[in-house]
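Top to bottom, those sequences are chains A and B.
Under our numbering, the residues of the first sequence are numbered -17 to 206, in order.
Under our numbering, the residues of the second sequence are numbered -17 to 206, in order.
Misleading hints may appear alongside valid ones.
Which copy is meant is left open, because identical chains are indistinguishable; a pair holds if it fits in one copy or across any two.
To be verified - Simulated pairs of lysine-lysine, BS3-like, Cα-Cα distance not exceeding 27 Å:
no.	residue 1	residue 2
1	LYS64	LYS(-6)
2	LYS(-4)	LYS64
3	LYS64	LYS152
These aren't lab readings, by the way, just hints derived from the structure by calculation.
Protein chains: 2
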Amino acid sequence: MTDAYPISDLTKLKRHPERGSYDRSVVHAILDEALVCHLAYVFTDPRGTEQVIAMPTVFAREGETLYVHGARANRSLDVLAKGAPFSVTVTLIDGLVLARSAFHHSMNYRSVVITGRAREVEDREAKVSAMARLVDRLSPDRNASLRPMHEWEIDVTRLIAIDIEHASAKVRSGPPLDAPDDVTHPSWAGVVPLRLVASAPIADEHVREANVPPIAPQLSAGAR
Amino acid sequence: MTDAYPISDLTKLKRHPERGSYDRSVVHAILDEALVCHLAYVFTDPRGTEQVIAMPTVFAREGETLYVHGARANRSLDVLAKGAPFSVTVTLIDGLVLARSAFHHSMNYRSVVITGRAREVEDREAKVSAMARLVDRLSPDRNASLRPMHEWEIDVTRLIAIDIEHASAKVRSGPPLDAPDDVTHPSWAGVVPLRLVASAPIADEHVREANVPPIAPQLSAGAR
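Modelling step: build the complete structure from the supplied sequences, incorporating the hints.
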């Protein structure tokens, strides 16, 4: 396996290609930081009209496979399981880029677009393992501390594996890029960094001991 | 105009309808907090194959219209301007929901899915006004302090208005919903609140005065 994904028409970076990357390590790092992806797909409504939608969902990565899950009747999973075209987008927002002209305003961000093959995971052991991975993304090693899964819970959960075929990342970082003539304009210009912060966990009413779980390492801890 | 959006096949909430809303005020509040939306659309690649993708982009709302913008050659805007099917998704992440069983783990979130009619804005005054609105979303009243727009900047920027026709919101909030039999299990359970936080602005190398601009009010201020 090479270090870069092959390029497809969908993942090819046309605008600002200098911000792009097809490197697996760059794509993986963005995937592993994000808590949510958007599944884009087409479905046919009851009138027979094609509709296109992007649905947010949690996911977990294992090597070159992403796992998504949901209820048996979940439309997104149904579309994926049937082999219909889809793609996956992950977007992290890193900052507001405030320039001296409206034109050069921007956002700092890291995003990934992926296409691949979706397959339903039916093997129970593989299913339980992926479901544990989805939980452990929210809090490291959490699954081991939980009430073991019931058989019926495994049955009613549909699990889809997406084997990544093509992927590209796009990253904007750093200060605004004002035109040389504009830098003497008196507006403040620069970057306002943004990050997703976890604040103090709120125990539910049944918790007896204050053994607060660890939080996913990519989340900045705010006031605890 | 009623207070609720009409329901379509695309925006109808099927899973957990109790979490859903078609109220304009609920949808507007989510739109106005989000910095980025995902445009989902279909395009035909050079081989003639249909591809589906969700592209992140900044946007601004004015009444029942969303504005998105980009370069003339931007594929997403081109697809929208041509009247192809599309939808808009906005997702805000509010917290990790840690239950005592893997099955009841969840996220707290607020999301919106919208369909509507896209039209290109050609009128210069309307275009300048929408471009100013896009900038002012990042920092209140910012556009007034900027170097005025050049004519060529207005020319090379493509601006698309999306008139909302159907929209629905979905919101999960509050503690985990463990089964009654599970609440004595010793795992910690509760919510880890998440929020997007702005940290201290970083001036670029040309800034002479520390007149830091105001930040969009929906962003929590971290250490400044």
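Right, here's what the structure says about each hint:
no., hint, result
1, LYS64 to LYS(-6), "both (26 Å within a copy, 22 Å between copies)"
2, LYS(-4) to LYS64, "between (30 Å within a copy, 19 Å between copies)"
3, LYS64 to LYS152, "between (29 Å within a copy, 26 Å between copies)"
When the structure is compared with the earlier hints, no violation turns up for any of them.
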